[in-house]
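Enquirer: One-letter residues, chain by chain:
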Amino acid sequence: MPHLPIDSLVKRAGAGPTVTFVGHDASRTGAPVMLYSFLRWLQTEEIEGVQLVLLAGGPMLADYQAVVPTQVLSSRVLTGSEVIASVTSSLGHPLHMPQTLVGVGLRSVAASPIVVANTLASLGTAKLLADRASTTTMTARLVCHVHELDGVAQRILPASLANRSSLLDSVDRFIAASEAVAAMLVDRLCVDASKVTVIEEFIERPNPTPAAMAAARKRMSGGTNRPVILNVGAMSHRKGPERFVDLMSTLADHPRLPLGVWLGGERNSSVWAETEHDLANSNLADTVLLLPTQEDSASYIAAADLVVSTAIEDPFPLSVLEAAAAAKAVVAFESGGVIDMLSAVDHPELIVPIGDTLGMSAAVASLLENSQRRELIGSQLADWVGATHLVQHMAPVLWQTVTQ
Amino acid sequence: MSAELPRAQEPTIWIAVHDLSRTGVPVLLTRLLRAVSATQRAQVHVVAIFGGPLLSELTPLCASVTVLEPMDRRSAHAVASLGLLTLGMGRSGELVRNTAWRAKLARQKNPDVVLVHGAGAWPVVEVVGSDVPVVVHLHELGTALDRSIPVQNQAAAFQRAQQVMVVSEPVGQLAQHRGADLKKIMMMPGCVQLPSSAPPDSVGPDPVGPDLVEADPAGPDLVQPGAVGEQWVLGAGTPGWRKGTDRLAAVAHELRRDQSAARVGWVGGKPSGSDATAIGRFDPVTWFEEQADPWPLLSCADVFVVPSREDPLPLVALEAGAYRRAVVAMPTGGLPQLLADGRGLVGGTQSLRWFVGAVQQVLDSPAMAEEMGERLHEYVQAHHDVAVLAPAWFQALVHVASR
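Top to bottom, those sequences are chains A and B. For the first sequence, position 255 (counting from the first letter as 1) is numbered 255 according to the working numbering, and the numbering increases by one without interruption. If you count the second sequence from 1, you need to add 404 to reach the working numbering.
Honestly, the hints are just simulated from the structure, not real lab data. Check each hint, because a few of them may be wrong.
So the derived list for chain B, only partly shown, Cβ under 8 Å to chain A, looks like this [claimed, not checked]:
{"#": "1", "residue": "426"}
{"#": "2", "residue": "653"}
{"#": "3", "residue": "654"}
{"#": "4", "residue": "658"}
{"#": "5", "residue": "681"}
{"#": "6", "residue": "684"}
{"#": "7", "residue": "714"}
{"#": "8", "residue": "754"}
{"#": "9", "residue": "756"}
{"#": "10", "residue": "764"}
{"#": "11", "residue": "792"}
In this text, a Cβ means the ideal position worked out from N, Cα and C, and glycines have one as well.
Hey, can you work out the whole structure from these sequences and the hints?
Expert: See the structure below:
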């Protein structure tokens, strides 16, 4: 494995932290999972001087804490700041108190010369940390690892153009999770192109046990031999669960009688209720299974016959990389890094225009009818991800970009 | 304010509505009020939780309109209420909100009856006395009802109501299933003002979005319905899951694959938030802004589509009948009944493949489209004429008030 030169500071035991990563939460979703893979790599490389600050907790908190000093900012401070923001705004005097309050909450975070926001969502807090570090003894470097595309970016960046520009201008280096993300940063958010480095998403090689795969297969197929079409993603319209239901409705008459599985989300969410409604009204309640987010999603991916992505906006879904690593054929709407992945293995026919559910249905039906082709594509994808998109390929470049 | 004052014995009617957006429920209220007499309108006080573009249209149609919450920010009492809710003190939060609302309504004459026009307005009932009769006009199916009134409170809400008006049979069945006494349920469907026989003479505003021209390879000169020889598949409403607007792209792509030159458009704005199409990607659908009267545009439709996933009885489907348009719809709410007997095409289940095929079928057969449009027109004229329904609606309110 090639080792890049690493700043001696970060190997110095007993010194303060050199790099502070700021994450929005510890959910089992794309950006937090990728950060966890990266932190594990740092641990393997015995790189010290790293700490993690989270705006909120989540199911991966214990995993983070096992590899790096981690603290979750006080939710009371954040909630309080939101309430004050609403009160001052409702009174017609929008104050910047929330930022100050968050700043108070950050007092317990040790200063570091490099601060990395692991999403645009955590950039505001990362900037506060960098500003604070800069006012003491050093000039802190602010890095933003962007895993978002336009829809999410528009929602989480400051609405005021002046505040948005100010925030983005404060970043020394942007790391874009795909070419599509880089295009957004440069073309639509007017970030200087020289500040943007594309480092595509990467994964740790999944290694599900045969027993876990068998259990996942049984749960998804109900013990039948019917092929399983899997879609992994949070239960959000951005990921397209309604389109997945429509896709499965178009395959209801397929001779292989495929089963659909949506893996991800929470049972009590409004979109979950909508999707259950859709299944009932499409007569698919016995054909499509909804499963909440699972810790061992890799077992489910490995146990599926085919993986689809109905996301209408997704920078680079880790689930398709995991599907590729598991040698599964992938069919996806043309959004983000999945375009690059399927183009790289010369299968652009599996990239479907966004919203063309019947086009996706035809591509899926064709693969269901030809297991040999399915396996060939899976094998090509496995070779590609195994050669280029595992943590050992990308993490050194990421570390170098963060610390250079 | 109306110039006419109500006679002493005439009841004071409060009509509660969630908001005054240009969507089905508030639009229907405006339509009903416009169709009753000025004397009757003078008895009506509208209480809207939120405002919206219909405020200016509604104001001259009733004695008063009170908007309880600002649209552009959270009110101080709403923040306090939310804070208490966050702290697990939901009941206290409601008390804070209700106190503020009562203060806003203090100058209004006490109602003799409250009409809850749409389940989203149910919270207004909490600020009137428990002895005031309540009528609920239910415009919701399951998902929307559950979002408006918590499931555990629905039975009590229906018991509190003296009458439950429903816009379609499935809504009535839902109300009954959720605790409404069958004897209280009354059919009060949506209605239309039948237009003159001449079609509207001009089309509407430009399509939405600066990226539209770039996204549409056909170019800007072709994005307006009405050109001779051009076919359009059109629909209208607030984009999102409920209206099924994500399905329009599927229709458009299939038409292209089928070498059809027909265009697909939607009036009501572009999808936003998590429904928004990725920027920089081709979008085959033409999105037109919401407008006060969409029919100058929509009457150009060769096929009027209702791809809804949950829709009790969309007013636009009735309006399509008023304009003799051929309608293709997903089966939801009252649409199967409306479009039965050759009055349109409606699926047996929510099947996208069927829907796309039905659109193609109508595009390929103008004669069939014309016949369906004519049949729907006759049906709407007979069953959904506001001139017939509005007096019955008002009389029902007066009747409950006088019990």
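Enquirer: Holds or violated: is the Cβ of residue 714 of chain B closer than 8 Å to a Cβ in chain A?
Expert: With Cβ-Cβ at 7 Å, under 8 Å, it holds.
Enquirer: Against chain A, is residue 653 of chain B within 8 Å by beta-carbon distance?
Expert: Holds, about 3 Å.
Enquirer: Interface hint check: residue 754 of chain B, Cβ to nearest Cβ on chain A, cutoff 8 Å. Holds or violated?
Expert: Holds - the Cβ of residue 754 of chain B comes within 8 Å of chain A, reaching about 4 Å at its closest.
Enquirer: Hint validation: residue 426 of chain B versus chain A, beta carbon distance must be below 8 Å. Holds or violated?
Expert: Hint violated; residue 426 of chain B Cβ to chain A Cβ min 23 Å, cut 8 Å.
Enquirer: Close enough to count: is the Cβ of residue 792 of chain B nearer than 8 Å to one in chain A?
Expert: Where the cut-off is 8 Å and the nearest Cβ of chain A is about 32 Å from residue 792 of chain B, the hint is violated.
Enquirer: Let's test the interface hint: is any C-beta of chain A closer than 8 Å to that of residue 654 of chain B?
Expert: 4 Å, holds
Enquirer: Is the shortest C-beta separation between residue 684 of chain B and chain A less than 8 Å?
Expert: Given a least distance of 7 Å, the restraint on residue 684 of chain B holds.
Enquirer: For the hint on residue 658 of chain B, does the least C-beta distance to chain A fall short of 8 Å?
Expert: Check passed: Cβ of residue 658 of chain B comes within 5 Å of chain A, closer than 8 Å.
Enquirer: Do the numbers back the hint for residue 764 of chain B, that is, is its least Cβ distance to chain A under 8 Å?
Expert: 11 Å, violated
Enquirer: Holds or violated: residue 681 of chain B as interface residue toward chain A, Cβ cutoff 8 Å?
Expert: Residue 681 of chain B check passes; min Cβ-Cβ to chain A is 6 Å, inside 8 Å.
Enquirer: Under 8 Å, Cβ to Cβ, is where residue 756 of chain B needs to be relative to chain A, so tell me if that hint holds or is violated.
Expert: Interface hint status for residue 756 of chain B: holds (4 Å vs cutoff 8 Å).
When held up to the earlier numbered hints, the structure conflicts with 1, 10 and 11 and fits the remainder.
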